[in-house]
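Given chain A, work out where chain B should sit, using these hints.
Going line by line, the protein sequences match chains A and B. For the first sequence, the numbering used here begins at 1 and goes up steadily by one. For the second sequence, the numbering used here begins at 1001 and goes up steadily by one.
If you are wondering where the hints come from, they were derived from the structure by calculation, not from laboratory data. Model, not experiment: these values are computed from the prediction. The reader is advised that the hints may include incorrect statements.
As the list claims (entries may be wrong) - Just the calculated beta-carbon pair ranges, DEER-fashion: (1) GLU1435/B - PHE22/A: 26 to 32 Å; (2) LEU25/A - TRP1305/B: 24 to 30 Å; (3) TRP1305/B - ASP201/A: 55 to 61 Å; (4) SER161/A - PRO1137/B: 38 to 44 Å.
By construction, the Cβ of each residue, glycine as well, lies at the ideal position given by its N, Cα and C atoms.
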Amino acid sequence: MFHWLEKHPFFFAVGVFVTIAFAGLIEILPNFAQQSRPVIGTAPYSTLELAGRHVYIKNSCNACHSQLVRPFKSETDRYGHYSLSGEYAYDRPFLWGSKRTGPDLMRVGNYRTTDWHENHMKDPASVVPGSIMPAYRWMFANSADIETAFAEQLTIAQFFSVPYNQPVPMRDGSSAVVKMGGSVSDAKALALEEAKAVAADMKDQDVKDAVARGEIPEIVALIAYLNSLK
Amino acid sequence: MENRPLEYDYSVAKMFMFTTIILGIVGMLIGVILAFQLAFPGVNLILGESLAEYTNFSRLRPLHTDAVIFGFTLSGIFATWYYVGQRVLKVSMAESKFLMALGKIHFWLYLVVVAVVVVSLLAGVTSSKEYAEFEWPIDIAVVVVWVTFGMSIFGLIGIRREKSLYISIWYYIATFLGIAMLYLFNNMAIPTMLGTSAAGESGIGAWYHSVSMYAGTNDALVQWWYGHNAVAFGFTVPIVAMIYYFLPKESGQAIYSYKLSLLSFWGLMFVYLWAGGHHLLYSTVPDWMQTMGSIFSIILILPSWGSAINMLLTMKGEWQQVAASPLIKFMVLGSTFYMFSTLEGPIQAIKSVNAIAHFTDWIVGHVHDGVLGWVGFMIMAALYHMAPRVFKREIYSKSLMAAQFWIQTLGVVLYFTSMWIAGITQGMMWRAHDEFGNLAYSFIDTVTVLHPYYTIRGVGGLLYLVGFLMFAYNIYKTMSARPVEERELQNSSPMGA
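The following block holds chain A by itself, in its conformation from the complex:
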């Protein structure tokens, strides 16, 4: 059979393809039948948070920070409850990472504040002596891309039925509604409103001035995103 295959390239290629595709069919497809379902308390990202998530991705924070707490005592002691599949239901793409040069950030919103992040992103070693993380000072000057974040919200609401402007169940039995703008200007106004709340806790005068003028620096969006990780 193998000698015959080696003289018939087409059937050889078909044979190879079937052999390599087999594992994917068995391993991946069954899980797709079970669509990711959010656990109670998991809400979609707001426009500003999503813009912050884009800043996180743009700077490859996931190259050094994981977002996956494994079910070990040492990890739950350090980072909080181990990760549940449903908590990632709105994560497109997933940001588990593959290397912890720095600590896990899955629940960083539980134990770090806006103020801490501001100081840390400006000069990591001043907050954590011995830190090898580089400073990210350009995030204080660059503007966040709210329009793209809004476009992404529209896309995932349309194609994947992500529940914006709908009640989402919370852990305490109440429900929350994550708002999505009806137009670009609407979305920008919503994001700015959120940005003002973050900037109020910050010290950097340039950032405060920018937000007062109606601009949103990347650092504000990033902190909004990091604060949402719980």
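Using the frame of chain A, we list chain B on its own:
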């Protein structure tokens, strides 16, 4: 049939040899910079504060991985394909104007994509998925490049004189099919310009931005099915294709066992794809998949070692060549590193070992003993073998080659030993508890302790880069300095004399 040997046409192979060397230098140089950034964070500001955004670790890291995978390695695969393909199929590129044009289109398109990728990654345009960072417009261009590669493979096979496909061809076909399948499925995304607001606006925001077709755990599953097997079909399968051709050619020995190569090939094809789950141990992926990932990773030792042992036994009775020829040294040590790396991988895929190894530098060490010791050595050996035949000149300096071999071997050893110690140290410190059951170390303790190992790793990487520059210089002098040989070298190796 005419009686004179075929004149093969190496013009496309030659072009890809240049990109192999240039992108190799770029990728490895960035790697060395990254290594020193971890040891000395001040290196993040290597071009000053105003350019910090483009020189800091996180922006450069995807550029390093993509430059060595899709730049250096892929160019090496293409270069060897356009050399080996003609020879084992007994047909010249010059015989078909179509295939010749296709080969050149393949090269220039590839070069354009590389240029766009460099700019976009520096600008921070990335999908965040490892080794699949490119946004959808680049993905489409990548698919076009890949299709031209496939057409070239099957086109050349279509006009072949040798009816039976040699082992290397099996592996090139598998490379083409495997990467095609993985790349397409993993990069499925919806461009966000398709989103329409309630007010009827569309085409909002960055036109090149897209959102992954899969969410959360499913996304992770597809990504590591891709990520692991991009290693399989980029770093293993085509490199095995190379050694099956170049080792017998260079040593003048026949392949030790045809049956062993059959077993290894089909075994590798069947088993490799299952093993992706070992990247997701203790994650939220279903348990049975994690277990399958572990088990198949262990089984993977069989076909991997099958190929490697087949190579080493090919040298049976001819071991004096290892001492005499630096080129044989590269290939034999390459096979040995392949065995070593394919034993280390399965060990790390055992769940209890993975609990310590995952997320640490041990994984980085594992990747690098594979790519530096196996992929890098094999591609350089292939180019060293090709250069005299392609440029019709003898290799410039054998002693430079030998010096390069030892410098790079030392570099690889420093690299993986320091990363082993770093990884296991960090993994153990993360999980250490004191007598009261509290965590023994804060996270930063587990970072500062790594400083010496990060420094040693940087030195190891630097040595490897120095060796690579010696390789580039040697090839450059070969193509430019020595007089043209009378006829093409057919069997004898310039190293053998």
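Hint-by-hint comparison with the structure:
Take GLU1435/B and PHE22/A: their Cβ atoms lie about 51 Å apart, and the range 26 to 32 Å is violated. Distance hint check: the CB atoms of LEU25/A and TRP1305/B are about 27 Å apart, consistent with the given range 24 to 30 Å. Between TRP1305/B and ASP201/A the C-beta distance comes to about 58 Å, which sits within the given range of 55 to 61 Å. Look at SER161/A against PRO1137/B: about 27 Å separates their beta carbons, and that is not inside 38 to 44 Å.
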